[in-house]
Amino acid sequence: MSEQLALLPEYLTAHLQLALVALAAAALASIPLGVAVTRRRALEGPVLGLASVVQTIPSLALLAVMVPALAALGALTSARLGIELSSIGYLPAILALTLYGLLPILRNTVSGIEGVDPALREAAAGLGMTGRQQLLRVELPLALPVIVAGVRTAAVWIVGTATLSTPVGATSLGNFIFSGLQTRNGAAVLLGCAAAAALAIALDQLIRGLELGLRRRRRGLLAASLGALLALYAFTGLSFFAGRAGAARPVRIGAKTFTEQYVLAELLAGWLREEAALPTRVVHSLGSTVAFDALRAGQIDAYVEYTGTVWATLMKRDGAAPPRDQVLAEVERWLAERRIVVAAALGFENSYALGMRGADARARGLRRIGDLARQSPELAIGGDFEFFARAEWTALERGYGLAFRARRTMDPSLMYQALAAGEVDVISAYSTDGRLAAGDVVLLEDERGVIPPYDAIVLASEGFAAERPAGLAALRALAGRIDRTRMQRMNFAVDGGGRSPGEVAGELVAELRGRR
Amino acid sequence: MTGSPAIELLEVSKDYGARRVVDGLSLEVATGECLVLLGGSGSGKTTTLKLVNRLIEPSAGCVRVEGVDAREIAPHWLRRRIGYGFQQVGLFPHLTVAENVAVTPELLGWDAARVRARVDELLALVELSPAEFRTRWPHELSGGQQQRVGLARALAGGARLLLLDEPFGALDPATRDRLQQSFQRIRRELGLTVMFVTHDMTEALLLGDRIGVLREGRLVQLAPPAELLRRPADAYVAELMDAPRRWAAAVEALLRQPGSAP
Numbered sequence: 001m002s003e004q005l006a007l008l009p010e011y012l013t014a015h016l017q018l019a020l021v022a023l024a025a026a027a028l029a030s031i032p033l034g035v036a037v038t039r040r041r042a043l044e045g046p047v048l049g050l051a052s053v054v055q056t057i058p059s060l061a062l063l064a065v066m067v068p069a070l071a072a073l074g075a076l077t078s079a080r081l082g083i084e085l086s087s088i089g090y091l092p093a094i095l096a097l098t099l100y101g102l103l104p105i106l107r108n109t110v111s112g113i114e115g116v117d118p119a120l121r122e123a124a125a126g127l128g129m130t131g132r133q134q135l136l137r138v139e140l141p142l143a144l145p146v147i148v149a150g151v152r153t154a155a156v157w158i159v160g161t162a163t164l165s166t167p168v169g170a171t172s173l174g175n176f177i178f179s180g181l182q183t184r185n186g187a188a189v190l191l192g193c194a195a196a197a198a199l200a201i202a203l204d205q206l207i208r209g210l211e212l213g214l215r216r217r218r219r220g221l222l223a224a225s226l227g228a229l230l231a232l233y234a235f236t237g238l239s240f241f242a243g244r245a246g247a248a249r250p251v252r253i254g255a256k257t258f259t260e261q262y263v264l265a266e267l268l269a270g271w272l273r274e275e276a277a278l279p280t281r282v283v284h285s286l287g288s289t290v291a292f293d294a295l296r297a298g299q300i301d302a303y304v305e306y307t308g309t310v311w312a313t314l315m316k317r318d319g320a321a322p323p324r325d326q327v328l329a330e331v332e333r334w335l336a337e338r339r340i341v342v343a344a345a346l347g348f349e350n351s352y353a354l355g356m357r358g359a360d361a362r363a364r365g366l367r368r369i370g371d372l373a374r375q376s377p378e379l380a381i382g383g384d385f386e387f388f389a390r391a392e393w394t395a396l397e398r399g400y401g402l403a404f405r406a407r408r409t410m411d412p413s414l415m416y417q418a419l420a421a422g423e424v425d426v427i428s429a430y431s432t433d434g435r436l437a438a439g440d441v442v443l444l445e446d447e448r449g450v451i452p453p454y455d456a457i458v459l460a461s462e463g464f465a466a467e468r469p470a471g472l473a474a475l476r477a478l479a480g481r482i483d484r485t486r487m488q489r490m491n492f493a494v495d496g497g498g499r500s501p502g503e504v505a506g507e508l509v510a511e512l513r514g515r516r
Numbered sequence: 001m002t003g004s005p006a007i008e009l010l011e012v013s014k015d016y017g018a019r020r021v022v023d024g025l026s027l028e029v030a031t032g033e034c035l036v037l038l039g040g041s042g043s044g045k046t047t048t049l050k051l052v053n054r055l056i057e058p059s060a061g062c063v064r065v066e067g068v069d070a071r072e073i074a075p076h077w078l079r080r081r082i083g084y085g086f087q088q089v090g091l092f093p094h095l096t097v098a099e100n101v102a103v104t105p106e107l108l109g110w111d112a113a114r115v116r117a118r119v120d121e122l123l124a125l126v127e128l129s130p131a132e133f134r135t136r137w138p139h140e141l142s143g144g145q146q147q148r149v150g151l152a153r154a155l156a157g158g159a160r161l162l163l164l165d166e167p168f169g170a171l172d173p174a175t176r177d178r179l180q181q182s183f184q185r186i187r188r189e190l191g192l193t194v195m196f197v198t199h200d201m202t203e204a205l206l207l208g209d210r211i212g213v214l215r216e217g218r219l220v221q222l223a224p225p226a227e228l229l230r231r232p233a234d235a236y237v238a239e240l241m242d243a244p245r246r247w248a249a250a251v252e253a254l255l256r257q258p259g260s261a262p
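Chain order of the listed sequences is B and V. Final position of the first sequence in the numbering used here is 516; the numbers increase by one with none missing. Final position of the second sequence in the numbering used here is 262; the numbers increase by one with none missing.
These are computed hints drawn from the structure, not numbers from a lab. Each residue gets a CB set at the ideal place from its N, CA and C atoms; glycine is no exception. Incorrect hints may appear among the rest.
Said to hold, decoys possible - In silico contact screen, one side only, chain V against chain B (beta carbon under 10 Å); selected entries: (1) 55; (2) 76; (3) 77; (4) 79; (5) 85; (6) 89; (7) 94; (8) 95; (9) 153; (10) 154; (11) 156.
Start from the sequences, fold in the hints, and give me the full structure.
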């Protein structure tokens with residue numbers, strides 16, 4: 001817990017940065033837009049309609065969609081204008097959050113201004129105010145409570161939704177939640193939720209204080225709320241630039257959204273710190289293709305990938321895969337064309353596999369996936385978020401003629417519970433999962449070799465390799481240093497033993513260094 | 001420019017689609033005169049009033065204010081020179097009484113000291129104690145007090161012309177009577193030119209130097225009250241004038257009853 005608490009200032013500050021910038025951008029965009037809509041009624045339908053459509057996009061999807069959208073836009077701007085856009089991290093998160101905050105402010109601005117008593121408009125015009133004076137002296141002051149209500153709604157939404165910006169590579173309080181869910185650290189999840197809720201309430205009350213102070217002309221309240229809000233902006237602004245201006249840029253290590261990735265990212269980070277004396281930073285909980293895109297775009301420097309994922313998902317090969325070494329060689333060649341270096345194969349495979357309750361498999365006489373085909377219509381299968389969308393699943397389905405009774409998608413950390421509870425009969429498992437050994441779960445043999453080999457490989461960008469040769473050398477030295485049993489043990493220490501990825505990885509770093 | 005009328009309407013018409021609300025109206029309001037526009041609802045009297053300060057633009061014809069074509073004056077400048085008051089008053093709820101009265105002076109760019117003096121002067125003029133009312137909020141005032149503030153606000157910019165649209169319409173009879181008397185006094189003191197819209201015959205007879213009777217957007221008769229009573233132009237005007245006449249006769253009869261005298 002104390003380890004989690006130590007991360008709180010960093011996550012909280014980052015979360016504040018996201019929320020405050022997005023809120024300010026949303027307000028600056030939607031209040032003038034709302035005013036424009038009340039001046040040109042023809043705009044009302046299209047503008048409010050568009051904002052509503054944005055709102056119906058699930059927030060996680062909106063965030064995720066920003067990554068390829070920005071990457072495409074970035075390719076254009078860098079070719080035409082020489083401007084590099086970062087497609088992961090702050091930019092996509094802030095864009096998506098800003099879009100998310102538009103509707104409540106926009107709608108309230110429009111209805112606030114439209115709700116002004118027509119007699120007051122007539123009085124304002126009759127007294128000789130210009131259109132602009134009517135707006136600034138009468139309509140906006142009178143609409144203020146309604147507009148502020150919209151800003152407060154947006155503030156709460158944005159603070160809440162910002163927790164989902166973790167998978168696009170922006171640090172936030174969501175890091176507690178995502179990694180906590182993966183590593184079964186309930187306290188971390190709770191900490192993330194509580195901190196986000198407290199932040200939302202605090203921001204909401206500050207804005208309310210601002211409005212009350214303004215409307216009731218309570219100077220003290222106005223000054224206090226305004227001061228507090230400005231201080232928050234100043235603080236996040238300063239910490240943002242301080243973060244950018246740091247002397248040595250840390251090596252950024254990416255981690256996808258599961259336990260093994262957290263452990264391995266910490267391992268790479270710890271190893272580079274100890275072996276090459278490089279500052280490091282782990283970018284947590286990236287979506288699977290987000291991590292690859294981020295590496296290609298130079299927004300992270302290294303992460304651990306699996307040959308099978310590159311083979312099936314990125315190179316889009318299907319059919320039976322060649323042997324392990326040949327896959328590795330082809331993957332390496334394919335990556336080299338994309339300016340990515342395979343620094344090391346760590347020495348173990350973590351492949352997708354199908355797992356069943358041991359007792360169940362024995363009772364049904366199932367040992368191989370081929371045996372499963374006949375019985376699959378009676379069985380339910382559970383998979384992680386991406387499993388059923390992956391090429392491996394299609395290959396399994398086609399290759400063995402699988403047709404399950406039901407198919408359920410769930411968080412990987414919950415799959416073993418669902419299997420044990422009999423809610424599903426088959427799960428998509430990882431061969432290095434520590435819970436395999438701990439629980440009575442058997443893996444069915446892929447006798448036709450439909451699933452490609454999944455060697456864990458350390459990928460590094462060419463830029464990193466060129467700038468930090470010592471770092472690359474250190475990463476190369478990790479080749480073959482971790483076997484499958486060791487990886488299973490480390491995963492289980494986190495998933496089942498309640499230890500943190502950092503601790504577990506730290507032990508291995510110490511051990512590897514001691515062994516020399 | 002003596003002799004030129006303060007307000008002049010020349011063949012003015014206003015159409016809303018196919019509906020003609022004001023139909024070829026011509027009239028003049030002399031400087032210092034109070035002209036009452038009298039008519040039922042839908043007669044076009046409010047529209048006529050708003051044509052003068054360009055809250056409504058005419059479809060045809062020309063409006064002149066102090067000899068100048070109103071179209072040549074930017075609407076907000078025109079309105080700062082012409083006081084405007086209406087039944088709903090429209091006091092700004094987010095401003096104090098003093099700030100409401102100060103709106104036009106501030107639009108005119110007066111300095112703070114001059115604005116403050118002007119506000120106090122006008123509050124006193126409409127019989128509200130400045131010390132007591134300056135910092136009040138509109139919602140704390142009675143209907144009559146709101147109308148007084150509305151009148152003060154309409155006059156604050158130094159307007160010599162005043163457009164009033166049923167300003168005393170929503171008040172109880174006693175309050176209305178007091179306000180009508182205040183209004184008459186103020187009008188004479190300041191020598192204001194007034195265009196006053198009402199549907200109340202008695203009010204028209206009491207306040208108007210001349211009365212213009214409107215019906216379906218047309219001017220039926222324009223004459224001083226006495227002439228309207230003695231020589232109504234048509235049956236409609238005669239019928240309108242009947243009500244105050246009967247009322248006056250009834251009061252007269254009551255006063256003549258034996259034993260009622262003290």
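Here is what the structure says about each hint:
The beta carbon of residue 55 of chain V comes within 6 Å of a beta carbon in chain B, closer than 10 Å, and the hint placing it at the interface holds. Annotation: interface hint on residue 76 of chain V holds; nearest CB of chain B at approximately 5 Å, less than 10 Å. Against a cut-off of 10 Å between C-beta atoms, the interface hint on residue 77 of chain V holds, since the closest Cβ of chain B lies about 7 Å away. For residue 79 of chain V, the interface hint holds, since its Cβ comes within 10 Å of a Cβ in chain B; the closest pair sits about 4 Å apart.
At its closest, the beta carbon of residue 85 of chain V sits 8 Å from a beta carbon of chain B; the interface hint therefore holds under the 10 Å criterion. The interface hint given for residue 89 of chain V holds, since its Cβ lies 7 Å from the closest Cβ of chain B, which is under the 10 Å cut-off. Hint status for residue 94 of chain V: holds, given a least beta-carbon distance of 5 Å to chain B, under 10 Å. With a cut of 10 Å, the hint placing residue 95 of chain V at the interface with chain B holds, because the nearest CB-to-CB distance is about 9 Å.
The interface hint given for residue 153 of chain V is met, as the beta carbon of that residue sits about 7 Å from the closest beta carbon of chain B, less than 10 Å. Given the 10 Å rule on beta carbons, the hint for residue 154 of chain V holds: about 8 Å separates it from the nearest Cβ of chain B. Of the supplied interface hints, the one on residue 156 of chain V holds, with its beta-carbon coming within about 9 Å of a beta-carbon of chain B, less than 10 Å.
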